[in-house]
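Just so you know, we're using our numbering here: the sequence shown kicks off at 51 and counts up by one.
Hints are computed from structural coordinates only; laboratory data are not their basis.
Quantities reported herein were computed from a predicted structural model and do not represent experimental measurements.
A couple of the hints might just be wrong.
[Unchecked claim] With a straight-line cut-off of 30 angstroms between C-alpha atoms, the simulated DSSO-like cross-links for lysine-lysine are:
#1 K399 with K498
#2 K907 with K207
#3 K858 with K823
#4 K181 with K858
#5 K369 with K642
#6 K369 with K399
#7 K181 with K907
#8 K823 with K853
#9 K534 with K858
#10 K888 with K852
#11 K642 with K207
#12 K852 with K840
#13 K642 with K498
#14 K207 with K840
#15 K912 with K823
#16 K860 with K912
#17 K654 with K912
[Unchecked claim] Pairwise CB distance ranges (calculated):
#18 R319 with S574: 37 to 43 angstroms
#19 P497 with R299: 50 to 56 angstroms
#20 A683 with A662: 28 to 34 angstroms
#21 P342 with G636: 17 to 23 angstroms
#22 E409 with P723: 41 to 47 angstroms
#23 E416 with L314: 35 to 41 angstroms
#24 L302 with N165: 22 to 28 angstroms
#25 D479 with S574: 57 to 63 angstroms
#26 G911 with L249: 39 to 45 angstroms
#27 D709 with E291: 46 to 52 angstroms
#28 G882 with A421: 45 to 51 angstroms
#29 A679 with L314: 17 to 23 angstroms
#30 E182 with L249: 40 to 46 angstroms
#31 A713 with E291: 50 to 56 angstroms
Ideal Cβ positions, reconstructed from N, Cα and C, are used throughout, including at glycine.
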Amino acid sequence: MNRPDFPPKTTFPKTEDAAPGADAAGAAAGAPIAFPPNSADVIALPNGLELIVKEDRSAPVVSLQAWCRTGSIHEGAWLGAGLSHILEHMLFKGTERRSNSAIAKAVQDEGGYINAYTSFDRTVYWIDAPKEGAAACLDILCDVMMNATMPEDEYAKEQEVIRREFAMGDDDPDRTLSKLLFATAFQEHPYGYPVIGHLDVYNRLTRADVMAYYKSRYVPNNMFFVVVGDVDAAAIRAQVEAFFKAVPRAKLEPVLIPAEPPQLGARARHLEFPTQLSKFSIAWHIPDLAHPDMPALDVLASILGDGRSARLFREIREKRGLAHSIYAYSYTPAHSGIFMIGGDCDPEKRAACEAAALELVESIKEHGVAAAEVAKAERSALSDQLGSLTTMRGQASDLGSNWLATRNLDFTREYVIALQQVTPEQVRDAACRYLIDRTRTSVSLNPKGSAGAEVALHHAPPDSPIQKFTLANGLTLLVKENPKLPLVSLRAAFRAGLLAETAETSGISRLLAASLMQGTATRSAEALADAIESAGGAMSADAGNNSLTVAAKVMSPDLRLGLDLMADVILRPAFPEEGVATERSGQIAAIKEEDERPMSVAGKALRRALFADHPYALERTGTLASLAAIGPAELRAFHGATFTAGNCVLAVFGDVKADHVLALAEELFGAMPAGERPFQSPPEAAPLVAPDAITLIKDKQQGVLLIGYRSVGVASEDRALLELLDEACSDMASRFFLRIREEMGLAYYVGASQFLGMEDGAFLFYVGTDPLKLDEVQSAMQHEIDDLAKNGLTEEEFLRAKKTYLGKHKIQRQSNGSLAHAAALDELYDLGIDHTDKLLAEIEACTLDQLNATAAKYLLGKPAVSVRVMPEAGSA
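Use the sequences and the hints to build the structure in full.
Take a look at the structure:
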């Protein structure tokens with residue numbers, strides 16, 4: 051199961067600033083926005099089980115979540131063993147009514163998706179599904195919570211899977227840094243133990259230990275269910291009551307959780323790690339979530355570290371060039387938490403970077419903060435929390451977190467209101483009270499060999515169509531009206547990316563995207579960040595294989611501001627020398643990070659072998675040599691050729707009116723030069739005529755295998771069938787997952803994926819495993835691929851994949867941002883705004899024979915490239 055890379059954090063949202071020339075505090079306040087009151091009910095069963103149900107018919111989707119009030123801090127005598135985490139894995143291994151694979155299959159038969167995560171104080175199991183699958187998926191969730199059997203053979207196999215997860219965590223610098231921070235800051239409280247546990251303690255666990263823990267903690271009076279979506283609350287209640295009618299309340303032994311004693315002196319641990327960058331964290335102890343000082347501390351975290359207008363970002367990354375990334379957050383659970391500043395930088399700059407961060411903290415303690423900065427944080431909090439409510443899962447997670455931590459379903463709303471009462475004086479007082487030397491903990495990972503007007507919420511109407519307009523200059527505008535929440539997502543898409551690059555200009559699309567945020571002819575980088583973030587919004591840009599996109603989100607009263615800022619960065623970027631240098635440095639750091647990740651290393655090698663001299667063999671991040679030759683002049687030339695109206699699709703989805711959006715677009719984007727879309731005839735890659743096998747050596751503990759075949763582009767008539775084949779090979783009930791992970795216990799992750807573009811792409815299979823078992827894993831993987839190519843899928847696999855794919859699509863349609871992004875790219879690639887609907891219709895209509903013929907067409911007897919990444923022999 052997936053679990054967070056870091057402990058879940060209560061992070062105050064991105065800071066937002068005022069438009070140039072406006073009164074900052076007034077601009078940040080803007081028009082009042084209503085935060086929706088809670089409409090869920092809590093039902094308490096006689097046995098202590100609680101049920102929270104919220105009806106929301108805005109999308110035909112349901113999110114069902116089972117919350118157990120047990121996590122790594124509740125493991126008692128087995129503290130540090132990772133009992134809660136392994137139990138999270140084992141609950142899906144079978145029940146008294148369902149076998150191991152039947153659970154995932156049953157969920158996917160309903161078009162749903164199941165997963166879980168474990169944290170310090172909770173274990174949460176969830177299923178997202180179309181509304182038709184609500185009853186069946188709720189029955190599955192109840193069944194696994196109460197009737198897990200944990201077969202001995204499955205336990206043995208899952209132990210090995212989790213050992214691979216340990217190895218993955220040990221290879222990951224972010225996870226390693228997080229574990230180091232918490233272990234150093236918390237000496238008595240069990241937050242000092244990683245959620246996954248310590249390997250030596252974990253290895254002593256037996257199935258009997260895990261089963262005993264399950265029986266003691268997974269009892270009705272220690273759990274609750276949350277259901278949000280297009281459901282009937284009465285029916286949900288009746289189903290849960292019927293299931294748990296015969297399950298009695300259980301004796302729940304109290305677990306002693308020692309409080310962390312006051313820290314009386316600064317602590318520091320600086321370790322070497324196989325990485326090219328230094329990563330650091332500075333933390334201070336702070337109170338729990340319910341403490342009256344917490345709103346001020348969250349505002350302080352926002353002012354320091356959230357967004358491009360934050361003090362840390364401006365001073366340390368932009369002005370001084372000391373860090374590639376830097377941030378701040380407050381982790382505020384039910385127990386005492388930490389206030390953290392972190393980032394990554396070049397090793398020789400770490401000391402200066404940490405010192406600069408502490409200087410900014412001292413400056414706030416001495417001089418305080420501005421009212422405008424507090425106002426930005428308030429607006430941002432509301433925007434962030436509204437954003438969390440856009441999906442059924444987001445709403446369910448919010449309700450569950452509130453209930454677990456405070457037993458108040460309205461806590462988020464009340465907390466946002468409390469945040470809006472915070473004063474600059476309170477922020478300064480909180481900094482002086484908590485961010486002091488004797489409670490400070492500093493940790494870092496360093497390369498080896500280095501020194502250490504109120505808007506009412508509407509009931510969502512029936513799904514509105516996407517409307518398409520063409521401006522006089524040729525720009526394509528897509529608008530979708532969705533007044534469910536007062537939020538708007540904006541996307542501007544251009545053909546660019548790898549197809550527009552050569553070996554000499556590799557990485558220019560991504561560098562251009564990043565440099566857009568470094569200022570315009572009328573606004574500095576700071577002013578841009580201030581303007582968007584003061585309104586509770588955010589703006590970013592990125593480049594992919596075939597496109598470059600600029601994205602923004604705002605609340606609906608700030609639509610004009612969002613479009614004005616987007617037009618400014620698209621039409622009038624300044625590309626200042628210093629700003630470009632900063633982004634180039636960050637992109638070089640990203641290349642170095644990619645070179646430390648085995649899967650990334652394997653993927654790059656695979657594409658080079660599959661595509662040879664074609665642009666798809668290039669890297670999105672570029673190379674050290676290509677980036678060295680790209681400066682402001684090159685970016686301006688590339689921008690002029692790429693950012694034309696004919697090559698632009700602008701999508702505006704959310705709480706808007708189409709005629710108003712059209713008028714704004716004509717006003718703000720009308721001056722964009724016309725131009726045409728490039729790549730009308732993209733270059734074709736030479737066919738792969740012979741197989742190739744590549745082995746790369748990396749100083750890591752895990753082994754990675756990729757096997758890739760040449761495939762199709764986005765416009766191919768075979769795309770729908772290959773999408774379905776990808777789904778069938780990637781889910782938790784696929785033959786690859788069941789054989790290599792479940793039966794053989796050789797992998798933590800295994801599946802398939804596609805590299806899609808305007809030209810022919812690739813279909814690939816991947817697995818992460820013990821490097822000593824790569825030969826065995828590769829043999830098993832190739833056997834399954836050959837069997838798939840020759841014999842195809844079974845009827846059961848085919849139907850499950852179809853239902854799962856269609857179910858995922860329904861779930862994804864909840865987000866304006868994802869809808870806008872997909873529609874903009876479909877239109878940009880000349881597929882049409884109805885392409886997604888057509889693709890789904892093709893998938894709905896396809897047959898098993900068609901799918902199996904397609905599998906044979908691209909896999910049977912076709913040359914493949916295999917790439918293995920592993921440590922030196924004998925070093926794993």
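Cross-check of the supplied hints:
Our distance criterion of 30 angstroms between C-alpha atoms is met by K399 and K498, whose separation comes to about 15 angstroms. For the proposed pair K907 and K207, the alpha carbon gap of about 35 angstroms is over 30 angstroms, so the pair is violated. As the CA atoms of K858 and K823 are separated by approximately 33 angstroms, the hinted pair breaks the 30 angstroms bound. Between K181 and K858, the direct Cα distance comes to roughly 12 angstroms. Compliance with the 30 angstroms bound is thereby established for this hinted pair.
Between K369 and K642, the direct Cα distance comes to roughly 23 angstroms. Compliance with the 30 angstroms bound is thereby established for this hinted pair. At most 30 angstroms may separate the alpha-carbon atoms for a hinted pair to count; K369 and K399 meet this at roughly 14 angstroms. The straight-line distance between the Cα atoms of K181 and K907 is roughly 36 angstroms, outside the 30 angstroms bound, and the hint therefore fails. Proximity of K823 to K853 is assessed by CA-CA distance (about 34 angstroms); at most 30 angstroms being required, the pair is judged violated.
Proposed proximity of K534 and K858 is supported: the alpha carbons are some 21 angstroms apart, at most 30 angstroms. A threshold of 30 angstroms between alpha carbons decides the hint, and for K888 with K852 the separation of about 15 angstroms falls inside it, so the pair holds. This hinted pair does not check out: K642 and K207 have alpha carbons roughly 35 angstroms apart, beyond 30 angstroms. This hinted pair checks out: K852 and K840 have alpha carbons roughly 20 angstroms apart, not beyond 30 angstroms.
For the hint linking K642 to K498, the alpha-carbon distance of about 14 angstroms falls within 30 angstroms, and the restraint holds. A threshold of 30 angstroms between alpha carbons decides the hint, and for K207 with K840 the separation of about 29 angstroms falls inside it, so the pair holds. Distance restraint check for K912 and K823: the Cα-Cα separation of roughly 25 angstroms lies within the 30 angstroms cut-off, and the hinted pair is therefore satisfied. This hinted pair does not check out: K860 and K912 have alpha carbons roughly 34 angstroms apart, beyond 30 angstroms.
For a cut-off of 30 angstroms, the pair hint linking K654 to K912 stands: about 21 angstroms separates their Cα positions. Roughly 38 angstroms separates the CB atoms of R319 and S574, a value that falls within the hinted 37 to 43 angstroms. Checked against the hint of 50 to 56 angstroms, the C-beta distance between P497 and R299 comes to roughly 55 angstroms, which is consistent with it. Distance hint check for A683 and A662: the Cβ-Cβ separation is about 31 angstroms, which falls inside the suggested range of 28 to 34 angstroms.
A hinted range of 17 to 23 angstroms for the beta carbons of P342 and G636 is inconsistent with their spacing of about 39 angstroms. Our hint of 41 to 47 angstroms for E409 and P723 holds, since their Cβ atoms are close to 45 angstroms apart. The given range of 35 to 41 angstroms is broken by E416 and L314, whose C-beta atoms sit roughly 24 angstroms from each other. At about 26 angstroms, the CB distance of L302 to N165 agrees with the hint of 22 to 28 angstroms.
Taking the beta carbon of each, D479 and S574 are about 32 angstroms apart, not inside 57 to 63 angstroms as hinted. Roughly 43 angstroms separates the CB atoms of G911 and L249, a value that falls within the hinted 39 to 45 angstroms. A beta carbon spacing of about 50 angstroms between D709 and E291 agrees with the range 46 to 52 angstroms that was offered as a hint. At roughly 49 angstroms, the beta-carbon separation of G882 and A421 lies within the given 45 to 51 angstroms, and the hint holds.
Taking 17 to 23 angstroms as the suggested C-beta distance range, the pair A679 and L314 does not conform, at roughly 54 angstroms. Judged by the Cβ atoms, the range 40 to 46 angstroms given for E182 and L249 holds: they are separated by roughly 43 angstroms. Take A713 and E291: their Cβ atoms lie about 54 angstroms apart, and the range 50 to 56 angstroms holds.
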